[in-house]
Amino acid sequence: MVNLITRDEMDSLAERIRADDSEAVALFAERVGRALRLWLLSRGAPPADADEASVNAVGDAVLHIDAFEFRGSGSFYAWVKRIAWNNFLRLRGGREQPLGEYESSRRDAPVALNDDLVTAIRTALGGLPAPEQDLLIARAENSGLTFADLGKSLGMSENAARVRHHRAKRKLAKALREHPAVVAWRKKVARREEIE
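Going letter by letter, the sequence shown gives residues 7 to 202 in our numbering.
The set of hints was computed from the structure by calculation and includes no laboratory data. Honestly, I wouldn't trust all of these hints.
When the alpha-carbon atoms are kept at most 20 Å apart in a straight line, the in silico SDA-like pairs for lysine to any residue are as follows [claimed, not checked]:
#	residue 1	residue 2
1	K177	A136
2	K87	A146
3	K177	E147
4	K177	T129
5	K87	A32
Keep in mind the model is a prediction, meaning the values are calculated, not measured.
Put together the whole structure using the sequences plus the hints.
Put into structure tokens, the structure is as follows:
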């Protein structure tokens with residue numbers, strides 16, 4: 007399965023983790039752990055620190071789930087990112103912020119996608135080889151991540167990461183070009199741009 011996750015799925019995971027659902031904890035660790043690592047790398051964290059901070063953040067979030075307060079769609083992911091950042095700062099000897107605090111900026115909040123579009127993207131990504139899926143997802147989640155860091159985190163050279171990412175984008179675009187959910191989304195965006 008592709009690692010995309012919507013705001014609603016994240017919020018649902020928080021409730022399931024709070025109810026001691028071991029499958030939810032495993033899913034959370036799998037989907038969010040790697041995203042946190044790449045997010046930290048994109049903000050300049052050394053790979054070893056990004057590894058440790060993201061693994062610790064997943065554990066801390068599960069252990070301290072009762073400290074999380076739902077404050078709207080995307081607040082759980084923002085809270086977990088704050089935990090990861092605090093873990094990174096702690097590793098670097100910096101001052102951390104309390105677990106209950108979180109950032110809720112539009113830039114960091116996950117994009118809300120309708121279910122048809124998410125299904126279309128998952129299906130198209132699922133048709134790509136796993137390394138290409140990883141490249142696309144990593145770049146989508148962390149636009150500031152360099153190809154050098156991306157290649158290093160995925161075990162390939164910078165050039166290989168750049169070329170494979172470009173090819174994967176072309177394959178994904180071709181697969182999605184005529185999908186009904188994508189066509190409907192394009193029309194909706196075009197109408198919005200006409201209004202503005």
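Status of each hint after checking the structure:
1. K177 - A136: With a Cα-Cα distance of about 13 Å, the restraint between K177 and A136 holds, given a limit of 20 Å.
2. K87 - A146: 16 Å, holds
3. K177 - E147: Holds, at roughly 19 Å.
4. K177 - T129: Status holds; Cα separation ~13 Å.
5. K87 - A32: 18 Å, holds
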